[in-house]
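If you read the protein sequences in the order shown, they are chains A and B. Take the first sequence: its letters are residues 184 to 433, numbered as in our numbering. Take the second sequence: its letters are residues 151 to 464, numbered as in our numbering.
Derived by calculation from the structure, the hints in this document are not laboratory data. Computed from a predicted model, the values in this text were never measured in an experiment. Where a beta carbon is used, it is the ideal one built from N, C-alpha and C, also for glycine. Be aware that a few hints might be false.
As the list claims (entries may be wrong) - Derived DSS-like pairs (lysine-lysine); straight-line CA-CA distance at most 25 angstroms:
1. A:K406 x B:K211
2. B:K448 x A:K406
3. A:K333 x A:K282
4. B:K368 x A:K249
Said to hold, decoys possible - Which chain B residues stay away from chain A? Per the calculated CB distances, all over 10 angstroms, these:
5. D164
6. N230
7. I232
8. A241
9. L249
10. I275
11. V294
12. P305
13. R339
14. M407
15. R445
16. H450
17. K454
Stated by the list, open to error - What follows is a list of derived Cβ distance ranges for each label pair:
18. A:R343 x B:K365: 30 to 40 angstroms
19. B:N330 x A:G345: 43 to 53 angstroms
20. A:R304 x B:A162: 45 to 55 angstroms
Spelled out from the first residue to the last, the chains are:
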Amino acid sequence: MARIVHNYPVAPGCYRMGLSPGVDRVEPGQFVMIRIPGGLDPLLRRPFSVYNVLRGRGGGIEIVYKVVGRGTGMMASLGVGDEVDVLGPLGRGFPMPGKKERVVMVAGGVGVASLHLLAKRIGYGTLLFGGRNRRDARLAGDFRDLMEVKIVTEDGSMGRKGFVTEFVEEEIGEEGTVVYACGPSAMLEKVSCIAMDRGVRCYVSLEGMMACGMGVCLGCAVKADGAYRMVCSDGPVFRCDEIDWQGMDG
Amino acid sequence: MASKKRDGMRGAVDLSVDIGGMRLKNPVMTASGTFGYGIEFADYMDLKGLGAVVVKGLSLKPRAGNPPPRIVETPCGMLNSIGLQNIGVEAFVRDKLPLLRGLRVSVIANIFGEDVDEYSEVARILDGVRGISGVEINISCPNVKKGGIAFGTDPSEARRVVSAVRKATTLPIITKLSPNVGDIGTMVRAVEDGGTDAISLINTITAMAIDIERKTSKLSQPTGGLSGPAIKPIAVRMVWEAYRTARVPVIGIGGIMTADDAIEFMIAGAAAIQVGTANFVNPRTAMDVVEGIERYMKRHGIRKVGELTGSLKV
Ligand SMILES: Cc1cc2nc3c(=O)[nH]c(=O)nc-3n(C[C@H](O)[C@H](O)[C@H](O)COP(=O)(O)OP(=O)(O)OC[C@H]3O[C@@H](n4cnc5c(N)ncnc54)[C@H](O)[C@@H]3O)c2cc1C
Ligand SMILES: Cc1cc2nc3c(=O)[nH]c(=O)nc-3n(C[C@H](O)[C@H](O)[C@H](O)COP(=O)(O)O)c2cc1C
Ligand code: FES
Chain A
184 MARIVHNYPV APGCYRMGLS PGVDRVEPGQ FVMIRIPGGL DPLLRRPFSV
234 YNVLRGRGGG IEIVYKVVGR GTGMMASLGV GDEVDVLGPL GRGFPMPGKK
284 ERVVMVAGGV GVASLHLLAK RIGYGTLLFG GRNRRDARLA GDFRDLMEVK
334 IVTEDGSMGR KGFVTEFVEE EIGEEGTVVY ACGPSAMLEK VSCIAMDRGV
384 RCYVSLEGMM ACGMGVCLGC AVKADGAYRM VCSDGPVFRC DEIDWQGMDG
Chain B
151 MASKKRDGMR GAVDLSVDIG GMRLKNPVMT ASGTFGYGIE FADYMDLKGL
201 GAVVVKGLSL KPRAGNPPPR IVETPCGMLN SIGLQNIGVE AFVRDKLPLL
251 RGLRVSVIAN IFGEDVDEYS EVARILDGVR GISGVEINIS CPNVKKGGIA
301 FGTDPSEARR VVSAVRKATT LPIITKLSPN VGDIGTMVRA VEDGGTDAIS
351 LINTITAMAI DIERKTSKLS QPTGGLSGPA IKPIAVRMVW EAYRTARVPV
401 IGIGGIMTAD DAIEFMIAGA AAIQVGTANF VNPRTAMDVV EGIERYMKRH
451 GIRKVGELTG SLKV
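Given these sequences and hints, build the entire structure.
Put into structure tokens, the structure is as follows:
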């Protein structure tokens, strides 16, 4: 059981939750499965990327989550001192860039959460962040100390106007770039296409409906290299050219 | 005497059970498809504390399974349409079983096929393999030769599968029954005639969940199998019905989250139980259930766990 040390809003519908104690040896891109104890509904745990690792007094982790349904709605109503059940760290994270590689991260909305630990570990490069408006862009705030941040908003209220995918091409123009992306699956597919066209190495962090998070229910299948692989245990990070994007749902 | 009852019992209680010739340390097993090949859980508990591990359903050849989405949560439960993805019986024996053997837990192989021959071939391959304590036949599987109707809903087909497996193996046989039938008693008699040594039930209940915006199934398939606490009262009722007909031991499955749930099944007639979906919620559930049953026995002065089986007062 982990205790909530903070749980506050950071952007529209998005919260940052600190949990202590933390989990051991987190790699950037790994996730935890969280459950609010007590009830049978919702029954299953919910997966969240580890956003940050907290040092000092028992250690801890942070997640940044968006309220989209019942589980996340309940999480948002919890307060400091409440307890949740945390399983993890789970999955395979992002590989580090090569010595001379340029780093480009592409994030859609709360997808930025899975890239933050990686950005901290790497400490340079460019983040291309896409959100609906300037308030969403607060999700990219922590990255400003770590790397160059470029904002794209759908309503043009901050940065450039449009979808983040429209600006990926110019960003990864050069060879010797590695791309890390997380966001809605349609966005990841576009980013992957561009990266593959350019022959640029690109890693995507996928989502999927999960029950166990540890590779045993075979529920979170994604088609990769002609076979079903599990997002939770073979991923969530995949090389973009492994994924059979045609076989993806929505 | 009264004070003894209050304090509960000191000393050891006997949790061991005999299921169709399998001597198990305790009545708690893990349900097929919810515990992988067992090895995945070794980080969370000492597997040898369990009665048995039932592994993911095995077919003759590897199977890819269904496209995503394969699971969806429903109130107090989940639907799945995994499509029986598995690595195939030979890869299991070669790659997974040696690791499981090292963990010193009884292993039950859950098997299925698209026709009777496939069932018996898988059973034959497992016969005499070191480290397998028994087979569990999943008859909730489409019968390809009979237009995809599940073996488990047709008593004569079910009997045929069981007797073919009976001829193919000397291992104890558990037949796992589908709840998607009108009269479970008829199925119990059919698989007993086929020569099963025990029965387990229930498998998942065929069910649906629809995305009303897209007007499509929430799964890639129209229907899926419902599991979890939502099905427990149905499962308890079916175990009780099966117990009243059965000559062989009954293994109760369906929505068990706690020791109290497990005990409920035993009172209804189960000689042993399996923990399924709960393994996803808390990977240590099965061990917690073992410990909880032991505490209950001490509290109620029950020396042998078998005394619980069918102890329902009517
Ligand atoms: C590896 C991984 C890492 C994730 N990291 C984060 C993160 O850091 N921050 C964050 O806000 N979200 C993250 N998610 C998504 C998050 O798990 C879901 O938003 C959450 O489970 C929804 O729960 P709910 O009960 O609120 O929604 P529900 O009521 O269950 O569903 C509401 C909506 O969310 C969708 N949904 C439900 N579960 C998932 C899921 N597992 N993946 C994708 N969509 C889902 C449903 O299809 C539905 O449209 C991650 C998902 C995965 C698989
Ligand atoms: C994801 C999933 C996969 C399953 N796979 C199998 C299987 O391969 N063979 C089988 O006999 N039963 C399978 N089952 C059924 C379970 O073993 C069990 O009978 C059912 O889920 C009811 O128990 P529960 O409510 O405790 O989960 C599966 C269940 C789930 C949820
Ligand atoms: S969530 Fe169970 S296999 Fe991935």
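Against the structure, the hints:
A hinted pair counts as satisfied when its Cα atoms are at most 25 angstroms apart, and K406 (chain A) with K211 (chain B) qualifies at roughly 19 angstroms. For the given pair, K448 (chain B) sits about 50 angstroms from K406 (chain A) by alpha-carbon distance, which is inconsistent with the 25 angstroms threshold. For the hint linking K333 (chain A) to K282 (chain A), the alpha-carbon distance of about 23 angstroms falls within 25 angstroms, and the restraint holds. Annotation: proposed proximity of K368 (chain B) to K249 (chain A) holds, straight-line Cα distance about 22 angstroms (limit 25 angstroms).
Every CB of chain A lies more than 10 angstroms from the CB of D164 (chain B), the least distance being 31 angstroms, so the non-interface label holds. Annotated as non-interface, N230 (chain B) brings its C-beta within 10 angstroms of a C-beta of chain A; the closest such distance is 6 angstroms. For I232 (chain B), the non-interface assignment is contradicted: its Cβ lies about 5 angstroms from the closest Cβ of chain A, within the 10 angstroms cut-off. Every beta carbon of chain A lies more than 10 angstroms from that of A241 (chain B), the smallest distance being close to 13 angstroms; the non-interface claim holds.
Once the 10 angstroms rule is applied to beta carbons, L249 (chain B) is consistent with being away from chain A; the minimum gap is 14 angstroms. Under the 10 angstroms C-beta cut-off, the non-interface status given to I275 (chain B) relative to chain A holds; the minimum distance is some 22 angstroms. No Cβ of chain A approaches the Cβ of V294 (chain B) within 10 angstroms, the least distance being about 21 angstroms, so the stated non-interface status holds. No Cβ of chain A comes within 10 angstroms of the Cβ of P305 (chain B); the nearest lies about 30 angstroms off, and the non-interface call holds.
Separation of R339 (chain B) from chain A is adequate, the least Cβ-Cβ distance of about 33 angstroms exceeding the 10 angstroms criterion. For M407 (chain B), the shortest C-beta to C-beta distance to chain A comes to about 7 angstroms, within the 10 angstroms cut-off, and the non-interface label is violated. No beta-carbon of chain A comes within 10 angstroms of the beta-carbon of R445 (chain B); the shortest separation is about 20 angstroms. Here H450 (chain B) stays apart from chain A, with its beta-carbon at least about 25 angstroms from theirs, past the 10 angstroms limit.
No Cβ of chain A comes within 10 angstroms of the Cβ of K454 (chain B); the nearest lies about 31 angstroms off, and the non-interface call holds. Restraint check, R343 (chain A) to K365 (chain B): a C-beta distance of roughly 37 angstroms satisfies the suggested window 30 to 40 angstroms. The hint said 43 to 53 angstroms for the Cβ distance between N330 (chain B) and G345 (chain A), and at roughly 51 angstroms that hint holds. Checked against the hint of 45 to 55 angstroms, the C-beta distance between R304 (chain A) and A162 (chain B) comes to roughly 52 angstroms, which is consistent with it.
Violated hints, listed in ascending order, are 2, 6, 7 and 14; each of the other numbered hints is respected by the structure.
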